[in-house]
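Now for the letters of each chain:
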Amino acid sequence: MRPRHLLGVLPVLGMLGGAWLADRTEPYVLGLPFILFWMLAWVVLTSVVLAVIYKLDPANRSGE
Amino acid sequence: MTALLVVVATVLVAVALALRARRGRDMDLEQWSVGGRGFGSVFVFLLMAGEIYTTFTFLGGSGWAYGKGGPAFYILCYGSIAFVMSYWLLPTLWRYAKRKGLLSQADFFTAKFDSPGLGVLVSLVGVVALVPYLVLQLKGLGIIVSETSGGRIPYAAAIIAGTVVLAAYVTISGVRGSAWTAALKDVLILVVVVFLGIYLPLHYFGGFGPMFHAIDAAKPGFLTLPAKGMSPSWFVSTVLLSAFGFYMWPHSFGAVYTARDERVFRRNAIVLPLYQLILVFVFFAGFAAVLVVPGLTGSDGDLSLLRITAKTFDPWFVGVVGGAGVLTALVPGSLILMTAATMLAKNIYRVARPATTDRQTAVLAKILVPVVALVALYFTFNGGDTIVSLLLMGYSLVTQLFPAMILSLCRRRLVNTAGAAAGIVVGVAVVAAFTISGATLTGLAPWLPQPLKDLNTGVVALVANLVVLGLVTMITRRHRAVRGAPSESVAA
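If you read the protein sequences in the order shown, they are chains A and B.
With this note's numbering, letter number 8 in the first sequence gets 149, and the count goes up by one each step, no holes.
With this note's numbering, letter number 408 in the second sequence gets 492, and the count goes up by one each step, no holes.
For reference, chain A alone in the conformation it holds in the complex (with noise of 0.2 Å):
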């Protein structure tokens, strides 16, 4: 297991532990219920740490 890996486990646990910790509408975020916004946001942040662990990601370095 290298740190880059455990970045993978981030937004599953986000996105599921979510289900629990972010059940409630309140407070409104952007117009939207809590637990709408918090899912909308493990999406975009889906994509942030995949970028990341693709810049970590020695397998993508070598030739562009």
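One should not assume that every hint holds.
Unchecked claim - FRET-style restraints, in silico, Cβ to Cβ:
hint, chain 1, residue 1, chain 2, residue 2, range
1, B, Leu187, A, Gly158, 36 to 42 Å
2, A, Val170, B, Asp198, 50 to 56 Å
3, A, Tyr169, B, Leu532, 31 to 37 Å
4, B, Trp531, A, Glu167, 48 to 54 Å
5, A, Gly158, B, Val551, 25 to 31 Å
6, A, Lys196, B, Val547, 46 to 52 Å
7, B, Gly234, A, Ala200, 55 to 61 Å
8, A, Gly158, B, Lys312, 43 to 49 Å
9, B, His287, A, Tyr169, 17 to 23 Å
10, A, Val193, B, Arg179, 21 to 27 Å
11, A, Val170, B, Gly313, 22 to 28 Å
To be verified - Selected chain A positions facing chain B (in silico; Cβ < 8 Å):
hint, residue
12, Gly149
13, Pro152
14, Met156
15, Trp161
16, Asp164
17, Met180
18, Leu181
19, Trp183
20, Val184
21, Leu191
22, Ile194
23, Leu197
24, Asn201
To be verified - Interface residues of chain B toward chain A, partial, derived using beta-carbon atoms under 7 Å:
hint, residue
25, Val168
26, Val212
27, Val215
28, Gly293
29, Phe296
30, Pro304
31, Phe319
32, Pro357
33, Gln360
Honestly, the hints are just simulated from the structure, not real lab data.
Virtual Cβ for every residue (Gly too), placed ideally from N, Cα, C.
Keeping the supplied structure of chain A fixed, place chain B upon it in accordance with the hints.
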């Protein structure tokens, strides 16, 4: 009737495009599904974003937002988790497939386990899982035709007409569909959904915040997960089940092989989650319908998007929305129909009778198109499920291939042919038993704690699958040496 005429015109344009573009770039299910296309321009962005929308997301997603509320958010989540997995899984699959020259999902299992029989079993599971996927497209076609005719064409007649159109479309456009019809569908549906998702909340409530507050006031708890039933444990098990099944569909698995190099998968994994954001607009449309067109219960929730559209706009625009909807059923539906027919001919019949020629296989696949369509038609009339429940049934089935696939990639030989086959058979049998009997965990084991009772029954099948896989592998390993080459390592 104006609405129906616009829908019919859209279908004619699609068929014309399919005929005209035959000389141009053809498209198969692999190219249509995830990752088949590159990135780089605004047009490609529109195509990829529009691709998210099938009947499942368009009518099913809005239908679930309307009928179930918070639990519909699962649709937003499973893709992202599948993309995280894909970062490591797909390059590994791709390297193996490239070295062995594999073409289909069945080929993978045949090669990995050195067993053509297992390849046939996997193809069978794939075809069976594609049936509910096809049924939901037919349901969508029926709903759209019936709703845009203002109820003049009854639902049953509309479904039969839809099935005939689908089978004819597949036959006319050859065994391949047209990339241009898919492009038309992607752009049209994207424009329609984004417009509806923004306009409806603004028009009826003056904004997203006021809309959600109004829903929360009228139906407290509707926007979150309930404590029982579709509770957090249902949510988590359903997201995981769907994420595991994501790349197990015969077409998405096959799409992996078409990439040029393995880095494409890692780059796609970064971008693909962002496309899921587009799904939020269809939820907005479904939520707007909750208070504007109340009273649709059960599988009628799938009608909500068209009902609120008909209530809000002129008939010609209802026709545009319906036309976009018909294309989202027609394009994936035709590809699913082709894949199922081709798999039956190529990966099942031909393996049983190796003397079959290419020509005979192609002819058989063509004959099987209307047969598969009829089978799907039969199930369309014999189930009262919502569109989303149908897709979940398909996912429960394909996910049964996941344990054997993942374990076969491990460095140590953790599973043999007998174990893989027994696990898949038991898993599928459990899904079938739950589906046919309509049993629930609450009914079977009322003594279980609530979170366990709420688990998606597909997960129960997956656990049974894994247990049988392990036991049978251990028992048969004692009796005979494992055949085949040493297995691959998961390099990442």
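* Asked: Per the hint of 46 to 52 Å, is the separation of the Cβ atoms of lysine 196 of chain A and valine 547 of chain B within bounds?
  -> violated, 37 Å
* To do: Using the beta carbons of tyrosine 169 of chain A and leucine 532 of chain B, state whether their distance is inside 31 to 37 Å or not.
  => For leucine 532 of chain B against tyrosine 169 of chain A, whose Cβ atoms are near 35 Å apart, the range 31 to 37 Å holds.
* Cβ distance range 36 to 42 Å for leucine 187 of chain B and glycine 158 of chain A, holds or violated -> holds, 40 Å
* Is it true that glycine 158 of chain A and valine 551 of chain B lie within 25 to 31 Å of each other by Cβ? -> About 27 Å separates the Cβ atoms of glycine 158 of chain A and valine 551 of chain B, which means 25 to 31 Å holds.
* Distance restraint evaluation - valine 170 of chain A, glycine 313 of chain B, Cβ atoms, bounds 22 to 28 Å -> holds, 26 Å
* **leucine 191 of chain A as an interface hint toward chain B, with CB separation required under 8 Å** => holds, 5 Å
* Asked: Are methionine 156 of chain A and chain B close enough, Cβ to Cβ, to be under 8 Å, as the hint says?
  -> holds, 5 Å
* Verify the interface restraint on methionine 180 of chain A: the C-beta must sit less than 8 Å from at least one C-beta of chain B. => holds, 5 Å
* Given leucine 197 of chain A as an interface hint, is the shortest Cβ-Cβ distance to chain B below 8 Å? -> violated, 11 Å
* Evaluation of the interface hint that places phenylalanine 296 of chain B against chain A, nearest CB under 7 Å -> It holds, given that the least Cβ distance between phenylalanine 296 of chain B and chain A is near 5 Å, below 7 Å.
* Minimum beta-carbon distance criterion (8 Å), isoleucine 194 of chain A to chain B -> Hint holds; isoleucine 194 of chain A Cβ to chain B Cβ min 7 Å, cut 8 Å.
* To do: Given the hint of 21 to 27 Å, check if valine 193 of chain A and arginine 179 of chain B actually sit that far apart at their C-beta atoms.
  => With Cβ atoms ~24 Å apart, the hint holds.
In the structure shown, a violation is registered for the earlier hints numbered 4, 6, 8, 23, 26, 27, 30, in ascending order.
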